[in-house]
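Number of protein chains: 2
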Amino acid sequence: MIKRKAVKKSLECKVRITAITDTMQVLSGKWKIHILGTLLQGGRMRFMDLLREIDGIAAKMLSKELQDLEMNQLITRTVVDTKPITVEYEVTEYGKTMEPIIDEIANWGVFYRNRLHGKAE
Amino acid sequence: MIKRKAVKKSLECKVRITAITDTMQVLSGKWKIHILGTLLQGGRMRFMDLLREIDGIAAKMLSKELQDLEMNQLITRTVVDTKPITVEYEVTEYGKTMEPIIDEIANWGVFYRNRLHGKAE
DNA sequence: GAAACTAGTTTCCAATTGGTAACTAATGCA
DNA sequence: TGCATTAGTTACCAATTGGAAACTAGTTTC
Numbered sequence: 001m002i003k004r005k006a007v008k009k010s011l012e013c014k015v016r017i018t019a020i021t022d023t024m025q026v027l028s029g030k031w032k033i034h035i036l037g038t039l040l041q042g043g044r045m046r047f048m049d050l051l052r053e054i055d056g057i058a059a060k061m062l063s064k065e066l067q068d069l070e071m072n073q074l075i076t077r078t079v080v081d082t083k084p085i086t087v088e089y090e091v092t093e094y095g096k097t098m099e100p101i102i103d104e105i106a107n108w109g110v111f112y113r114n115r116l117h118g119k120a121e
Numbered sequence: 001m002i003k004r005k006a007v008k009k010s011l012e013c014k015v016r017i018t019a020i021t022d023t024m025q026v027l028s029g030k031w032k033i034h035i036l037g038t039l040l041q042g043g044r045m046r047f048m049d050l051l052r053e054i055d056g057i058a059a060k061m062l063s064k065e066l067q068d069l070e071m072n073q074l075i076t077r078t079v080v081d082t083k084p085i086t087v088e089y090e091v092t093e094y095g096k097t098m099e100p101i102i103d104e105i106a107n108w109g110v111f112y113r114n115r116l117h118g119k120a121e
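Protein sequence lines, in the order shown, are assigned to chains A and B.
The letter at position 111 of the first sequence is residue 111 when you use our numbering, and the numbering goes up by one with no holes.
The letter at position 41 of the second sequence is residue 41 when you use our numbering, and the numbering goes up by one with no holes.
Hints were generated in silico from the structure; no laboratory data involved.
Treat the hints with caution; some may be incorrect.
According to the in silico footprint, chain A covers these stretches of chain B (three or more CB under 8 Å from chain A) [claimed, not checked]:
| # | region |
| --- | --- |
| 1 | 20-28 |
| 2 | 36-43 |
| 3 | 96-108 |
When the alpha-carbon atoms are kept at most 16 Å apart in a straight line, the in silico EDC-like pairs for lysine to aspartate or glutamate are as follows [said to hold, decoys possible]:
| # | chain 1 | residue 1 | chain 2 | residue 2 |
| --- | --- | --- | --- | --- |
| 4 | A | K32 | A | D68 |
| 5 | A | K30 | B | D22 |
| 6 | B | K14 | A | D103 |
| 7 | B | K30 | B | D55 |
| 8 | A | K96 | B | E104 |
Built from N, CA and C at the ideal position, the CB exists for glycine as well.
Please put together the full structure from these sequences, using the hints given.
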C-alpha cells in the first residue's frame, strides 16, 4: 500500500477540478447565465431589450458581462446602422453548447422549489 | 401591438430566472461544486480527506461550505467515535440530483480546453 | 512530557463584486 | 431649442468573499 489514493487523485480528480474551474470562470458573476439564457430564448436582441428583460441588472453590469461573454466567443456583438445606432447581441454556435448546463440548472431550481413546498401532495 | 413582449417575459422568463437564481445560490462560492463533486466520486469521506483531496481549499472555507451544504440537505455529517474523533461527510440522495449539473459543467470544461488547443487536429 | 493527529474556530486583512447615479455622444422629433 | 432614445462609461461606495496564520481542544503515541 504505497499511496494509491494520491494516484487516484492526480489522474481522475485534477482534470475534473480544472474543467469545473474553467467553466465556472466563464460563467462567473451574478448575471452571465441569465444573459445567456435570455439570449438563447430571445435570439437576436438589443442592449436595451436585454436591460429591460433581465430584471434588476444595471447598464454597467450588462455592458461588462456582455464584453466578457463576447471575449469568450459565446456571443457576437453587431452594430446596426439604424436611426439612433443600435447594437445586437446573439449567441454563437459555440455559445449554444452552454444550453445543456443552463437547462440542468434551471431544472434543478424548479425541482428545488417543488421540494420546499409539498412533496407529499 | 400592445406590449406582447412584456407578457412573454412574465410567464416564461421569470420562472426560469428564479429557478436559476435558486440553484446558483445553493451552489454559491468557489468550492461547493468541487466538494460535491469530490464526495460524489469518493463516497463517504472525512474532513481531512476532503482537505487533502481538494487542492487549495483552506480549513476555514471547507468547514463553512460543508455547513452550507448540510443546511441545504445535500450532504450529511456524521461524527464517528474513533481514537481521535473523526467526522464523515456523505452526499444525500437529494444531493445526488446535483450530479447531472456537475457532469455537464465538467464536460463543458473539457470541451472548452480542447477547443483552445487544436480543434482542427 | 512533547509531538502529532483529529476537526475545526478565530482574527485579521485584501481583493473582488456589484450597485447607484450621473455623465457622454450621436441622432431624431416636436 | 429642448427633450427622448440609443449604447454605453465613469466615479464612488458598500458588502461579500476568500485567504493566511494562529489558536482550541481532546486523544494517542513516542
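Note to self: Between the alpha carbons of K14(B) and D103(A), is the straight-line distance 16 Å or under?
What the structure shows: 14 Å, holds
Notebook entry, point to check: If you draw a straight line from the CA of K96(A) to the CA of E104(B), is it 16 Å or shorter?
Noted result: 13 Å, holds
Check: Has the given pair, K30(B) with D55(B), been kept, meaning a C-alpha gap of at most 16 Å?
Finding: Satisfied, since the Cα-Cα distance of roughly 12 Å is no more than 16 Å.
Notebook entry, point to check: How does the coverage statement for the region 96-108 of chain B fare against chain A, requiring three or more residues with Cβ below 8 Å from a Cβ of that chain?
Noted result: holds (count 10)
Notebook entry, point to check: Against chain A, does the region 20-28 of chain B show at least 3 residues with beta-carbon separation below 8 Å?
Noted result: It holds: at least three residues are needed, and the region 20-28 of chain B offers 6 whose Cβ sits within less than 8 Å of chain A.
Checklist line | 16 Å limit on alpha-carbon distance, applied to hinted pair K30(A) and D22(B) | finding: The given pair, whose Cα atoms are some 12 Å apart, holds under the 16 Å limit.
Checklist line | Given coverage of the region 36-43 of chain B by chain A, checked by CB-CB distance under 8 Å (3 or more) | finding: holds (count 3)
Check: Is the straight-line distance between the alpha-carbon of K32(A) and that of D68(A) 16 Å or less?
Finding: Status holds; Cα separation ~9 Å.
Violation of the numbered hints given earlier is absent; every hint is satisfied by the structure.
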